[in-house]
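Colleague: Starting from the known structure of chain H, fit chain Y onto it as the hints suggest.
Protein chains: 2
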Amino acid sequence: MNDLAIQRGYAVFDFFRTINGKFIFLNDHLDRFFYSAERMHLPISYTKQELKEVLSELAERNKLPDSGIRVTLTGGYSTDGYSLASPNLVITQKGLPISDKDTPVGIKLVSYGHQRQLPEVKTIDYLMAIWLKPYIIQHGADDILYHASGIITECPRSNIFMVTKDETIATPATNILKGVNRKQLLELAPKFYKVEERNISIEELPNAKEVFITSTTKQVLPVIEINGMKIANGLPGNITLSLKKELQKLVYS
Amino acid sequence: MNDLAIQRGYAVFDFFRTINGKFIFLNDHLDRFFYSAERMHLPISYTKQELKEVLSELAERNKLPDSGIRVTLTGGYSTDGYSLASPNLVITQKGLPISDKDTPVGIKLVSYGHQRQLPEVKTIDYLMAIWLKPYIIQHGADDILYHASGIITECPRSNIFMVTKDETIATPATNILKGVNRKQLLELAPKFYKVEERNISIEELPNAKEVFITSTTKQVLPVIEINGMKIANGLPGNITLSLKKELQKLVYS
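Chains as they are written, first to last, in numbering that gives the first Met the number 0: chain H, 0 to 252; chain Y, 0 to 252.
The set of hints was computed from the structure by calculation and includes no laboratory data. Being a predicted model, the structure only gives us computed values, none of them experimental.
Which copy? The list can't say, so a pair holds if one copy fits it or any two copies do.
Dumping the calculated SDA-like pairs for lysine to any residue here, alpha-carbon to alpha-carbon at most 20 Å:
1. Lys229 - His138
2. Lys243 - Thr102
3. Lys132 - Arg38
4. Lys164 - Pro189
5. Lys132 - His40
6. Lys217 - Asp79
7. Lys93 - Gly80
8. Lys132 - Ser82
9. Lys93 - Leu83
Same shape as in the complex, but just chain H (with noise of 0.2 Å):
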């Protein structure tokens, strides 16, 4: 109760995957989970190359080989429940079925004015997602997506690429939280696609071919509907299930 991830919502942390006991894009989760640490003044006491070995001795103790594993960097017991104290880490796991089985063909959108703070940092921050889950609902949607004055960023736990009706492939560029998932398309793509990073309004959806969108459980989901308007006739899209196989294939090599 003291610490001040409950006290005053301060913590960042990453979600690792692992598949048949492999870690998944490893290295650009500790970048990024390094780099939110950083940019909250929050010092790790593990280097990098030390974390991974805890990791690995986490992964094999735990015999979970499909998982998802959950490190999480605090702002420590605060005596004054305000300054900043000596961060707590706590590493935890979970199985995490890979089965397509659950997974729906494509998600619909509904779209939400408000920019996150500090977005390219990953904080335990979802006040917004959360509290917004009745407005889904009430909205027949899946997810949200936020748009900041009608240039959108971003779904609270994906990023999101529009294919545009000349088959380039189109993602916001800035305040967002860059996703593993995201980096990993935006460096397979430029071999298939062109590929712009770039703002886009939210009033070029409608046109859009397809829309899908990326995240470490997701890995590629098509997006079949924003706001009530069907995407490519409400059916996932061929650019999408392609670049969907690509990173599928880069994930089990």
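Modeller: Then chain Y, alone, in the frame of chain H:
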């Protein structure tokens, strides 16, 4: 670790104060706590009357006459780390001496452009406030004054008031957390001065006759400098001190 407070920064709280074993403005704090909980979709398993009795019992058992009591209500233990669960209610009490010795005669503020999310709800979200501590030090200040597009709102843990040259008391009306001491001050001040709740541009502040902040721990505290510019020649103003005295009368009555 599985509570949404740590997983997603999702919790509300209120901070009650006892002096000489008596709760100060108890009903105001209770009302706000229940309001915060309702706005965040968090049911409380007590009525106001029952929670009052729990608070009294805690204070009696702990025998800490001058204290701060924090009542926190979290999103609960979430199985998926994202969905609201049954809220956890935690009450902690700490000694809080009322000595004026440690209180500065006045404080220095530095402004920062930021609008708190869900400002009228007392959530645990103080991410920006803690993050900005190096910024405060760098500017030789004691605390932050938030503004949104040049309209001042509040400090991270207190409300702000301006005394204009014609001795009107003005304070921001919207996009703020409405403090209990702000409420009390707005009730007592009209007996002596003209009072306005309105938008205040940051550019009005250098022309203020006096500026002060209010909070549960600070009651009324003079502001003697903002962004390096002295207010009221860098000294506590007479109107501020008279209002401080009036509020203290209420606290000890």
